[in-house]
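Colleague: Read off the chains here:
Protein chains: 2
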Amino acid sequence: MPDNEFQQRRARLLECFPTLQLDSFLVTHLPNVHYLTGFTGSNAMLLAAPGRDILFTDPRYTIQAAQETTCHVVTVRGPMLPKVVAAIARHKLQMLGLEAAYLPHLTHQFLREKLPLRHEFKLIAGQIEQHRMVKSASELARIERAVATNSKALDAVLKRIRPGLREMDLAAEIDYRSRREGASGPSFETIVASGVRAALPHARPTANPIEPNQLLLIDMGATREGYTSDMTRTLGIGKPSTFWKQTYRAVLESQLAAIEAIRPGVKASEPDRAARQVLEQHGLEKTFTHSTGHGLGLEIHEAPRLGRKEKTKLLEGMVVTVEPGVYLEGKGGIRIEDTVLVTRTGCRILTPTPKEWMVL
Amino acid sequence: MPDNEFQQRRARLLECFPTLQLDSFLVTHLPNVHYLTGFTGSNAMLLAAPGRDILFTDPRYTIQAAQETTCHVVTVRGPMLPKVVAAIARHKLQMLGLEAAYLPHLTHQFLREKLPLRHEFKLIAGQIEQHRMVKSASELARIERAVATNSKALDAVLKRIRPGLREMDLAAEIDYRSRREGASGPSFETIVASGVRAALPHARPTANPIEPNQLLLIDMGATREGYTSDMTRTLGIGKPSTFWKQTYRAVLESQLAAIEAIRPGVKASEPDRAARQVLEQHGLEKTFTHSTGHGLGLEIHEAPRLGRKEKTKLLEGMVVTVEPGVYLEGKGGIRIEDTVLVTRTGCRILTPTPKEWMVL
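Here the protein sequences come in this chain order: H and U.
All residue numbers for the first sequence refer to numbering that gives the first Met the number 0, where the first residue is 0 and numbers rise by one.
All residue numbers for the second sequence refer to numbering that gives the first Met the number 0, where the first residue is 0 and numbers rise by one.
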């Protein structure tokens, strides 16, 4: 990411200060700190103020912070907040923005107690997250590489899938191939669920073997250069019943209908509605128990969510997953998921992996 | 974990209610929810009250929650907090404990706005974390298996380490072996740092090759059955200079001194002081820029911390890392880390991997 991109992002946050009635912003949610500074360590806060952006971290990251960010870096041994408070006081910052959705209550309390009464705290919800929704060209390039890595990893393990292989060993294999293809790690715990276990939308891989004549659900993501990806494929193993083949067709139809509904200007609830409508036609709407998709980027779950009541309007440059599913307790489940980019005129499916009904 | 162990944990929390002046506790920090209920999903809150423990989650986890916990489970489609508020009101709970260190401000605000004025909120810091510090026999067994898995994974990759292998490929290999040995994943992003990069205590593995005649630092952890482990080893590759061999000896001496200082009743600052004292004798104290260790269990970083000003007294059954290090910018670094159990009379090093100076 070019250094000046981080500067531009901080500048954009600063531009919101008059409207938000702020003279500074204390950013504590790490992905937001990362987004605004480029710093990727596990402990940091950013105090953003005109002309004096200060990144606070600890001495483990002295060298790394100097390499990664153009902010002024303060490394703090021990508790960080007292030093943040000192900086706020020293720079006479009086209208401090805080992240309402993330700021732990204890931190809020500490700031209120330690700063003189003339300081005002404004709890701001979702401002930086909103900026993060629309991806820049360099972010999009990273997401595309993360998506490609993910698909290559699945390609590489497909030929090893067979009945008897343990779910956890296939998950290990997937993560390994993904790393070998350049991922820094999985974007979330890889899901490998065979047979009845595919009815659990967030199944953990177990020591159970992959069962013959059943479905196998794989949900995987590769993180690369800090950015995530997400894909689900459901495969038949051996001779799955005709029921599953038909149900698969319904889920695929639902997924394609949701994708069809994605374009700039529509509400994030629209693709969700489109997906549900198709499942309803097949009498399956009650088996689809989660929302249709979510944004991704620095985090695997970001705004916007494609859900029933979402009012956010889709914009060019947003990246979302589209992942309707059908879950039948005691029987199994199907989910089909792609990562999709909202384009100027509609959308583009980033995931290159085929999704036709496939039996191994 | 036996079901009744989770019940006992909730009972123990409830026993604190009179002292804390609570009639209920809303637990939102996921590892705490896991600790108290056994539920391992990624979205949940626990409302604990005498005779009515309610676990809130979403429909993705309906089946899993029923399998994992004996709590009453409520699955909520859409925002969870309104349902939590309704349950608090319905059960006439009026003195609600909240987790001060984790509760996002927005959640606090929502509860305050939606609940009638007669409700009191008590922000409680560290209560459940304090219970978690001392491990039960079944927790300890899990940690020991996580530690053994981690060491086996390092054993399995040692023979593959050679100059020219990329840091990221060795990290991928380590994680893969760890999974094959039974880990569900790494406890944190595996660190593989060669040469000058070992001066970064939290280095991310890069595409740089392992360099000959330098040090190689590996910091790795395996999560197994929900519990974590943590180990660092620093190896010589080829012919590292005598300076490094001598410095290694100083760090090892420091680590052993810290371990020697661990026994029930001593303050958590004591092992830290012991480690620093040895490094001071070698003129290296300023190069040791972090604290000496941390507790681990369901999380990779838990209380107690072994740091300068820690007043917590060590107790039998606590599990901590001991990991002094020396970091020389532009040159390299050394860290040696074991996972250690506080026993009745002293401590026991759980990590079986040798830590004598080793050159590959």
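Bear in mind the hints are in silico, worked out from the structure with no lab data behind them.
Any given hint could be a false lead.
Copies of the same chain are indistinguishable here, so a pair counts whether it falls within one copy or spans any two.
Below, computed lysine-lysine pairings styled on DSS-like, alpha-carbon distance capped at 25 Å [what the hints assert, rightly or not]:
hint	residue 1	residue 2
1	Lys158	Lys82
2	Lys151	Lys82
3	Lys354	Lys330
4	Lys285	Lys113
5	Lys82	Lys285
6	Lys310	Lys82
7	Lys244	Lys113
Note that the structure is a prediction, hence the values are computed from the model and not measured.
Colleague: Now tell me if each hint is right for this structure.
Modeller: Each hint tested on the structure:
For a Cα distance limit of 25 Å, the shortest separation of Lys158 from Lys82 qualifies neither inside one copy, at 55 Å, nor across copies, at 46 Å. In this assembly of identical chains, the alpha carbons of Lys151 and Lys82 never lie at most 25 Å apart, being 46 Å within a copy and 42 Å across copies at closest. Taking the shortest alpha-carbon separations for Lys354 and Lys330, only the intra-copy value of 22 Å comes in at or below 25 Å, while the best inter-copy value is 50 Å. Taking the closest pair of Cα atoms, Lys285 and Lys113 never come within 25 Å of each other, the shortest separation being 52 Å inside a single copy and 30 Å across copies.
For a Cα distance limit of 25 Å, the shortest separation of Lys82 from Lys285 across copies, 21 Å, qualifies, whereas the shortest one inside one copy, 53 Å, does not. With identical chains, the CA atoms of Lys310 and Lys82 are at most 25 Å apart between copies only, with a shortest distance of 21 Å across copies and 40 Å within one. For the identical chains of this complex, Lys244 and Lys113 are neighbours neither inside a copy (63 Å) nor across copies (47 Å), given an alpha-carbon limit of 25 Å.
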